[in-house]
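With the hints as constraints, model all of the structure from the sequences given.
Chains as they are written, first to last, in the working numbering: chain A, 117 to 449; chain B, 385 to 737.
The hints are simulated quantities; they were obtained by calculation from the structure and are not laboratory data. Think of the CB as a built atom: it goes at the ideal place given N, C-alpha and C, for glycine as much as any other residue. Accuracy of the hints is not assured; some may be wrong.
Below, a list of computed lysine-lysine pairs in the DSSO-like style, where the Cα atoms sit at most 27 Å apart [to be verified]:
1. 464(B) - 481(B)
2. 573(B) - 350(A)
3. 533(B) - 507(B)
4. 350(A) - 639(B)
5. 528(B) - 573(B)
6. 441(A) - 464(B)
7. 144(A) - 553(B)
8. 464(B) - 573(B)
9. 350(A) - 528(B)
10. 350(A) - 481(B)
11. 350(A) - 460(B)
12. 639(B) - 700(B)
13. 144(A) - 507(B)
14. 519(B) - 350(A)
15. 460(B) - 481(B)
16. 350(A) - 700(B)
17. 144(A) - 393(A)
18. 473(B) - 573(B)
Examples of chain A residues toward chain B, derived with CB under 7 Å [stated by the list, open to error]:
19. 340
20. 358
21. 361
Now the in silico label distances, taken between C-beta atoms and shown as ranges [said to hold, decoys possible]:
22. 269(A) - 659(B): 51 to 57 Å
23. 356(A) - 571(B): 23 to 29 Å
24. 571(B) - 361(A): 25 to 31 Å
25. 333(A) - 656(B): 33 to 39 Å
26. 269(A) - 477(B): 36 to 42 Å
27. 147(A) - 604(B): 56 to 62 Å
28. 333(A) - 481(B): 23 to 29 Å
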Amino acid sequence: MADTFLESEASLPAPPIEDRQGPKTGTKMPITGWISGIYLLFLILVAVFAPLFVASPVVGADGFTQKCGDGSGFALYDPIDCVDPGALDVANGVEGAEIGFDHILGIDGSGRDIFSGLVIGTRTSLIIATAAVGGAMLIGGTLGILAGYFRGKVDTVCSFIFDVLLAFPALILAIALVGVLSGPDETSGIKRIGVLIFTIGVVAVPLLGRISRASTLTWSEREFVTASKALGAKNGRIILRDIFPNVLPAMSSIAFLAVGVVIVTEGSLSLLGLGVKEDSISWGKILGLGNDRLRQDPTMAFAAAIVITLAVMSLNMFGDALRQKFDVRESAL
Amino acid sequence: MTDPMSTPTHLTGAPGGELLRVENLQVSFGTSRGRVHAVSGLSFSLERGKTIGIVGESGSGKSVTSKAIMGLLPRKGVEKSGTIIYAGKDISNFSGKQYRDLWGTEMAMVFQDPMTSLNPVMKIGNQITESLRVKLGMDKAEAKATAIKLLEAVRIPAPEQRYGVYPGKMSGGMRQRVVIAMALACGPKLLFADEPTTALDVTVQAQILDLLAEQQRDRFMGMVLVTHDLGVVAGRADEIAVMYAGRIIEKAPVKSLFANMAHPYTEALMNSIPKVEYPSHTRLQAIGGRPPDLVSPPPGCPFAPRCVYRTDICDKERPELTSLPGHPDHLFACHHPVSGAPVPVDLISGRVR
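And the structure:
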């Protein structure tokens, strides 16, 4: 009976096989995912290309006054060096002063354009956030997967590292690390960015490590891992081919969340004067500077806060949407 | 402990030759309540080209037995003793590394649940070719061609197209076919099938079992078919071992087992299978009580507390495996063997007539 059934099945025309792209997911990307994804793409484009269109200051004939751009309409001005003394005078109520160029969101206390700062600062903010989270994902993820797969002593050691890092309040740990690592040599702005990446990365390691450990624990219990083993696969292969691709969705959705948290952390450190140095600009930096003059001009702090909020919100939404999209259900049928 | 089963007389001079011999296998797990003696003093042997069915209820140690022989039990907290001889080699003390050389090419396993025994994020083709390429050193094209042949062998329609499909797109029965194809890929000589049809629809069960039996015949493998269903093994095994509380309590060639059933537990198992001629709404005959706690197994017969023929001696003395008079290869462990009224079993369908 069974044989005849099978044969008839085999002689049927092959059923259409529609998928070539990815595992069966069943869910479509929600609209919030599209919106946030497009916004994130926009931010990345801004980070990459905006600094190319910056108007640098041109020193005037007298050697003192400087001019930024052609002074007409909208432009991006160098957020560090382009100072508009005219606008500063206007802000201070000096008689007969004239603004040098247009400022959509006004100027900071030194006469620099805030809007330009926010646009140009995108690059630094995103570099710090992605590098820190990327590093944390690499280190925390690796430790977490090893801990979850091998258990025993490896797990004890890795979990101990995570627990020690988690025992410190994140901000305190970050302040201490920035303080220690910056050292007395307070000159290089690039070095400070490196220190910030390292510090924030260290703070994010236990977060990603625990997630990947927990996820690995459940996945390595699955029969297909035993099945791989029973076919003679070595541990390295099982981890790379069976565990890692399955742990990745959980890890990446947390990573998106973490990027948001890191942007906020960078802002918090800036508020405390431990953000990027004078020669660089980031969202956190503008937030920090704006906080100092909240009474005179709240626009600055609020503009930075809104930019950060929007970015964090879309990161969260996008991470969520990704998780929904790639949440592979084994029994999708 | 001398075990009468360690010298299986009926196997000598068999065509396939002895492939696997297990002697006095003991497996225990450390738990917070004490050591659980999952398998105690188990012995059997299997020759190439034959199938042994291991039958028992949940917790009787049947899955642990196959995992222990395969070397797939975790090393921590597990104590394993006894002798396992595979193709003349004593593999009982093999390290994980030594076992790895056997896995895939010498012995392989078909797992219980096809829903979890395939990697959901890997195309099924890649899951099959992986072991071909690593273990047999095939190149990409060769491995793909072999994998498609394997998919064809396990009767998957349109194997070329299915090759690039993710497991999530397939039904349970199809997945189990893929799992079987994976297990067969490197040409193992010994195949363990650990409840291969438990997670499947009844309509698919027969197909999968027939497929396994067919592949076992074609490839001349030894097969250990683990199941809780006497009907499953009835038509597809050469020999049946009934396990209870970590021990074999009856072991016989299929025909002899159903014709001269000696152990009350085997009889009870048989009676618990509903029969076609029963009127509808007949109450199922379950075996009352529960299996004994394997942390402190009873000193006497492990089945005594649930047995209808129990007497005082059953509680005090554990019966040893002895052979049925006139049937040297029919072994049972009971003080009060049942009369052994022939059970009318259709050996082809495995159904009680």
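Structure-based check of each hint:
1. Annotation: proposed proximity of residue 464(B) to residue 481(B) holds, straight-line Cα distance about 17 Å (limit 27 Å).
2. In summary, the hint linking residue 573(B) to residue 350(A) is supported, as the alpha carbons are separated by about 21 Å, within the 27 Å threshold.
3. At most 27 Å may separate the alpha-carbon atoms for a hinted pair to count; residue 533(B) and residue 507(B) meet this at roughly 16 Å.
4. Of the supplied pair hints, the one linking residue 350(A) and residue 639(B) is violated, its CA atoms being roughly 43 Å apart against a limit of 27 Å.
5. Restraint check: the Cα-Cα separation between residue 528(B) and residue 573(B) comes to about 22 Å, which is no more than 27 Å; the hinted pair holds.
6. The hinted pair formed by residue 441(A) and residue 464(B) fails the criterion: a straight-line CA distance of about 45 Å is larger than 27 Å.
7. The suggested pairing of residue 144(A) with residue 553(B) holds, with an alpha-carbon distance near 17 Å, which does not exceed 27 Å.
8. For the suggested pair residue 464(B) and residue 573(B), the alpha carbons sit about 24 Å apart, so the restraint of at most 27 Å is met.
9. With a CA separation close to 21 Å, the supplied pair residue 350(A) and residue 528(B) stays within the 27 Å bound.
10. Restraint check: the Cα-Cα separation between residue 350(A) and residue 481(B) comes to about 9 Å, which is no more than 27 Å; the hinted pair holds.
11. Between residue 350(A) and residue 460(B), the direct Cα distance comes to roughly 18 Å. Compliance with the 27 Å bound is thereby established for this hinted pair.
12. With a C-alpha separation of about 32 Å, the suggested pairing of residue 639(B) with residue 700(B) is violated against the 27 Å cut-off.
13. Distance hint between residue 144(A) and residue 507(B) is fulfilled; the C-alpha atoms sit about 21 Å from each other, no more than 27 Å.
14. Distance check on the hinted pair: residue 519(B) and residue 350(A) sit about 11 Å apart at the alpha-carbon level, within 27 Å; holds.
15. Distance check on the hinted pair: residue 460(B) and residue 481(B) sit about 16 Å apart at the alpha-carbon level, within 27 Å; holds.
16. A hinted pair counts as satisfied when its Cα atoms are at most 27 Å apart, and residue 350(A) with residue 700(B) does not qualify at roughly 48 Å.
17. Under the criterion of a C-alpha separation no larger than 27 Å, the hint pairing residue 144(A) with residue 393(A) is inconsistent with the structure, at around 44 Å.
18. Between residue 473(B) and residue 573(B) the CA atoms are separated by roughly 14 Å; this keeps the pair inside 27 Å, and the hint holds.
19. Hint status for residue 340(A): holds, given a least beta-carbon distance of 5 Å to chain B, under 7 Å.
20. For residue 358(A), the interface hint holds, since its Cβ comes within 7 Å of a Cβ in chain B; the closest pair sits about 5 Å apart.
21. About 4 Å separates the beta-carbon of residue 361(A) from the nearest beta-carbon of chain B, less than 7 Å, and the hint is met.
22. Between residue 269(A) and residue 659(B) the beta carbons are some 56 Å apart, a value that agrees with the proposed interval 51 to 57 Å.
23. Checking the proposed 23 to 29 Å range against residue 356(A) and residue 571(B) shows it holds: the Cβ atoms sit about 25 Å from each other.
24. For residue 571(B) and residue 361(A), the hinted distance range of 25 to 31 Å is satisfied, since their beta carbons lie about 28 Å from each other.
25. About 38 Å separates the C-beta atoms of residue 333(A) and residue 656(B), a value consistent with the hinted range of 33 to 39 Å.
26. Take residue 269(A) and residue 477(B): their Cβ atoms lie about 23 Å apart, and the range 36 to 42 Å is violated.
27. Judged by the Cβ atoms, the range 56 to 62 Å given for residue 147(A) and residue 604(B) holds: they are separated by roughly 59 Å.
28. Taken as a hint, the range 23 to 29 Å holds for the pair residue 333(A) and residue 481(B), whose Cβ atoms sit roughly 25 Å apart.
Hints 4, 6, 12, 16, 17 and 26, counting from the list given before, are not met by this structure.
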